[in-house]
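J.: Take a look at the letters that make up each chain.
2 protein chains.
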Amino acid sequence: MVAHTTIGELSESDLLARILPVFAAGKGAGRGVLVPPGDDAAVLATGGSVVVTTDSMVRGMDWRDDWSSGHDVGLKLVAQNVADVAAMGAVPTGLLIALAAAPATSLDWVVDLTDGIAAGAEDAGCPVVGGDLSSAPEGVVIVAVTAFGDLEGRAPVLRSGARPGDVVAVAGSLGWSGAGLALLLAGEAGPSDPRAGSERKAREGSVERARSLVTWFHRSPRPPWEAGPVAAAVGASSMIDLSDGLVRDGGRIAAASGVELALDERVLRETFLAGVVADAVGEDEGWRQVLSGGEEHSLLATFPPGAVPDDPSAPWTVIGEVVEAGAAGPRLTVGGAEPSVTGWDHFAG
Amino acid sequence: MVAHTTIGELSESDLLARILPVFAAGKGAGRGVLVPPGDDAAVLATGGSVVVTTDSMVRGMDWRDDWSSGHDVGLKLVAQNVADVAAMGAVPTGLLIALAAAPATSLDWVVDLTDGIAAGAEDAGCPVVGGDLSSAPEGVVIVAVTAFGDLEGRAPVLRSGARPGDVVAVAGSLGWSGAGLALLLAGEAGPSDPRAGSERKAREGSVERARSLVTWFHRSPRPPWEAGPVAAAVGASSMIDLSDGLVRDGGRIAAASGVELALDERVLRETFLAGVVADAVGEDEGWRQVLSGGEEHSLLATFPPGAVPDDPSAPWTVIGEVVEAGAAGPRLTVGGAEPSVTGWDHFAG
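These protein sequence lines map, in sequence, to chains Y and B. Residue numbering for the first sequence follows my numbering, starting at 1 and increasing by one per position. Residue numbering for the second sequence follows my numbering, starting at 1 and increasing by one per position.
In case anyone wonders, no lab produced these hints; they're calculated from the structure. Glycine included, each C-beta is placed from N, C-alpha and C at the ideal position. The hints are all genuine.
Have a look at the derived ranges for each label pair, beta carbon to beta carbon:
(1) S340/B - G153/Y: 49 to 59 Å
(2) P21/Y - D310/B: 36 to 46 Å
(3) D108/B - G205/Y: 50 to 60 Å
(4) G60/Y - P21/B: 23 to 33 Å
(5) G60/Y - P305/B: 54 to 64 Å
(6) G165/B - A155/Y: 46 to 56 Å
(7) H4/Y - G335/B: 36 to 46 Å
(8) G153/B - G38/Y: 17 to 27 Å
(9) S106/Y - G8/B: 24 to 34 Å
(10) A155/Y - G153/B: 18 to 28 Å
(11) A233/B - A45/Y: 13 to 23 Å
(12) D14/Y - G329/B: 13 to 23 Å
Just need the whole structure built from these sequences, with the hints factored in.
T.: Written as structure tokens, this is what we have:
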């Protein structure tokens, strides 16, 4: 067995010396960063306002080391924070990283996490502008990311602006992350990466490929965050990042806007269930995941009729319409009825 | 024994319903907040740039429940983040809170933490604009705070601007927090609050009062963050928040600026050691804490001669001068020699 260096064997400054260059090398670094990492705080250029959000991941709760690498966790942290910025209609401009880790945490893992964050940050075009390191109790690793965004003069797209007559559309997948988690929980899929081809994969059938694909979506999602500013620019009336599932998050738009989101069951089944998700987990479980699977980080938005963006690089799928709330009050319906599934709750599970 | 409600017994939305109103009631809320908590992200008004920083506290590492209440932890989190903003010369404009806590965490403790954060935020005049809740493994509570600040048109005050001929000054205490921690570690002082007078306290002598005072400074510091923007306005050449001790953080200014910070031992002893700190922990331990005690969050700055602010509400004490770096390179000296003490390191201890 190889003895790995732990972060407790390094001084804080030695550990920072390993981490900071990874972020400094990012292509996004410097653009709009008036004061870079290394002082008491960073300073970002802004255009009259700044979008701010934070989202954390906890080892053993939000990821398992046997399913996700540090690189996966880093990519996912960036994805979920950038998706929140995008859901306001903003482009990401910077990230802060707060890592609390037990001294026995392997340095290799932290470097892998750092690489994943840096790769995600570069993909999103936003630099890591600072952070914080804390020592944590044995076994504990928690990473909190704060993301900043620039609306570039656009009004922020809130959850409360959906109006009867608008259409409902989604950019990105539905149920893929949840289906991947379901497979991992059932022990029916390993964490192999479908992007890294292998002889074994070549021999596998479509079901196996589907399973690999959805587990990859769970481990390191890459939501179409570019669709957020595009939607804002064309006048999206409301928008939300799908972190807790279509039913729960769509219900939040309905509640905030005082309307009913009437979704089309046929379109949802044909677009998001048929094929990969049904192959991977079957029709019943797949449908449950399309409706309620969490951590997808796709964007759900409403648009005035005819305003849905026609963007081949981040396509929107129309899945329903906004109607007046009836006697049952603001709600989300699928095929005319409220789905019996709900969504993810961090404490009650 | 009373059975306390744990946060695991509540849904995430129920828990948020207990927490959010506390922040919404803060007097700072609304000022400059274009989009308040409740959407994917908050939006803050800015003046062309935004100062951003993050700092975390970990239960068992950064506080002990038998010494610090949730309210103490909340106040301290705000203090250390706002001090970082102030050390850039900015006024605080908003906070984000990321709480990762085990489901068995008592709701009372979380409410107490929330009250402490809200009290600190109100004192600092900046609203809590959002946050994140995560479930954590048994026994774990970690709170990561991100703070935002506005330079109000001033240039940021960096660590790198100290020039030979400048004077070195500090706003706030030196060694009080460290002396308080030393007493708590030695088991020689309880967590009683010197602000809450009692008959017992009235009977205590000056040593006991000193001990209570320094433990209070450790538990819930209130650094003079207002001094930061004032220093920036009068042309401070460099500034830093003293979180890791005078020697270590002053050394950071010396290194970043390529100069020597030559501190006056007599002034340091007379101003910061004599009296409370010496009474509380004795001359030798007190001197060690003045030089190297962490978590003080006072501001250390350099000013052109004659520019030190004369502000009775947040007074600056001149403690030395900036001189050309000699053969030994950039460094901090006290009475002409490099102190043998260093400062706090989060991982190596």
